[in-house]
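Visitor: Here's the letter readout for the chains.
2 protein chains.
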Amino acid sequence: MKLPDIDFNKMGGLVPVIAQDSDTGEILMLAFANKEAVKLTLQTGRAHYYSRSRKKIWEKGASSGHIQEVAEVRLDCDNDSLLYKVHQRVGACHTGYYSCFHKVIEKNGELRISGKKVFNPEDIYKKY
Amino acid sequence: MKLPDIDFNKMGGLVPVIAQDSDTGEILMLAFANKEAVKLTLQTGRAHYYSRSRKKIWEKGASSGHIQEVAEVRLDCDNDSLLYKVHQRVGACHTGYYSCFHKVIEKNGELRISGKKVFNPEDIYKKY
Numbered sequence: 011m012k013l014p015d016i017d018f019n020k021m022g023g024l025v026p027v028i029a030q031d032s033d034t035g036e037i038l039m040l041a042f043a044n045k046e047a048v049k050l051t052l053q054t055g056r057a058h059y060y061s062r063s064r065k066k067i068w069e070k071g072a073s074s075g076h077i078q079e080v081a082e083v084r085l086d087c088d089n090d091s092l093l094y095k096v097h098q099r100v101g102a103c104h105t106g107y108y109s110c111f112h113k114v115i116e117k118n119g120e121l122r123i124s125g126k127k128v129f130n131p132e133d134i135y136k137k138y
Numbered sequence: 011m012k013l014p015d016i017d018f019n020k021m022g023g024l025v026p027v028i029a030q031d032s033d034t035g036e037i038l039m040l041a042f043a044n045k046e047a048v049k050l051t052l053q054t055g056r057a058h059y060y061s062r063s064r065k066k067i068w069e070k071g072a073s074s075g076h077i078q079e080v081a082e083v084r085l086d087c088d089n090d091s092l093l094y095k096v097h098q099r100v101g102a103c104h105t106g107y108y109s110c111f112h113k114v115i116e117k118n119g120e121l122r123i124s125g126k127k128v129f130n131p132e133d134i135y136k137k138y
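The listed protein sequences derive, respectively, from chains A and B.
In this text, residue positions in the first sequence follow the working numbering: the first is 11, and each later residue adds one.
In this text, residue positions in the second sequence follow the working numbering: the first is 11, and each later residue adds one.
Misleading hints may appear alongside valid ones.
Any copy will do: because identical chains look the same in the list, a pair fits if it lies in one copy or spans two.
To be verified - With a cut-off of at most 27 Å between alpha-carbon atoms, the simulated DSSO-like pairs for lysine-lysine come out as follows:
no.	residue 1	residue 2
1	20	65
2	127	113
3	126	65
4	49	66
5	20	49
6	117	95
7	127	117
If you're looking for bench data, these hints aren't it; they were derived computationally from the structure.
Okay, chain A solo, but in the shape it has when bound (with noise of 0.2 Å):
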């Protein structure tokens, strides 16, 4: 499978991933990938991402279970950023929540938590 022309040299072999709801619009998270993690999310249909601090490969929920299956991939206009739509299993956030994005910068410059949690991350992660 031969990927179109995306630009990954702006970043040193990765292009900014945003991961949205394909059924409700909500934005989960936001990743990186490289050329093998976009190959191997249009072979699998599982998301795939690039760690920057682990520097490798790895498939979104490959050890807590909450993997995300992909619906469609996206490329922008200047080709160097991707959108994956995914149905996201249990919720996309390690601290727990469904979304990643789940606190609001109030104008004052104040945070708010906005957002539910959808599972006990002490229940997934206590292992590592």
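With chain A fixed as given, assemble chain B onto it according to the hints.
Guide: Chain B only, in chain A's frame:
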């Protein structure tokens, strides 16, 4: 105004910012912001970003008129990505589409356009 703890260090002073239509949930674009651009966004209520190529802050729509009125700013769990929920005037993409993410990558790697054109870019950008 004091910003909350945002991790600008991972990307040399920048964080990726997703712009999402606050009414429909459609994702409009992905860009980057530095600290000053985030402050300007919160203070003015209009989306500001930082251009990596031009190396300066820009207000979306400053030349085209296609501004983004910001309804809400959100921060993710790791404090290294932002979400602007916006009211988009006319269209977000410089190519004339409402959203920058108007190209679908099919499973075989081929591209398919999926999106609506809402203006003729030649009417806006011919002066540049």
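Visitor: Each of the hints needs a verdict: does it hold here or not?
Guide: Evaluated hints:
1. Taking the shortest alpha-carbon separations for residue 20 and residue 65, both the intra-copy value of 17 Å and the inter-copy value of 14 Å come in at or below 27 Å.
2. Taking the shortest alpha-carbon separations for residue 127 and residue 113, only the intra-copy value of 12 Å comes in at or below 27 Å, while the best inter-copy value is 33 Å.
3. With identical chains, the CA atoms of residue 126 and residue 65 are never at most 27 Å apart, being 30 Å at best within one copy and 38 Å at best between copies.
4. In this assembly of identical chains, the alpha carbons of residue 49 and residue 66 lie at most 27 Å apart only when taken from the same copy (14 Å versus 34 Å across copies).
5. For the identical chains of this complex, residue 20 and residue 49 are neighbours both inside a copy (19 Å) and across copies (25 Å), given an alpha-carbon limit of 27 Å.
6. Taking the shortest Cα distances, residue 117 and residue 95 sit within 27 Å of each other only across copies (13 Å), while inside one copy they are farther apart (30 Å).
7. Proximity of residue 127 and residue 117 under a CA criterion of 27 Å is satisfied intra-copy only: 25 Å inside one chain copy versus 33 Å between copies.
Checked against the numbered hints given earlier, the structure breaks only hint 3 and satisfies all the rest.
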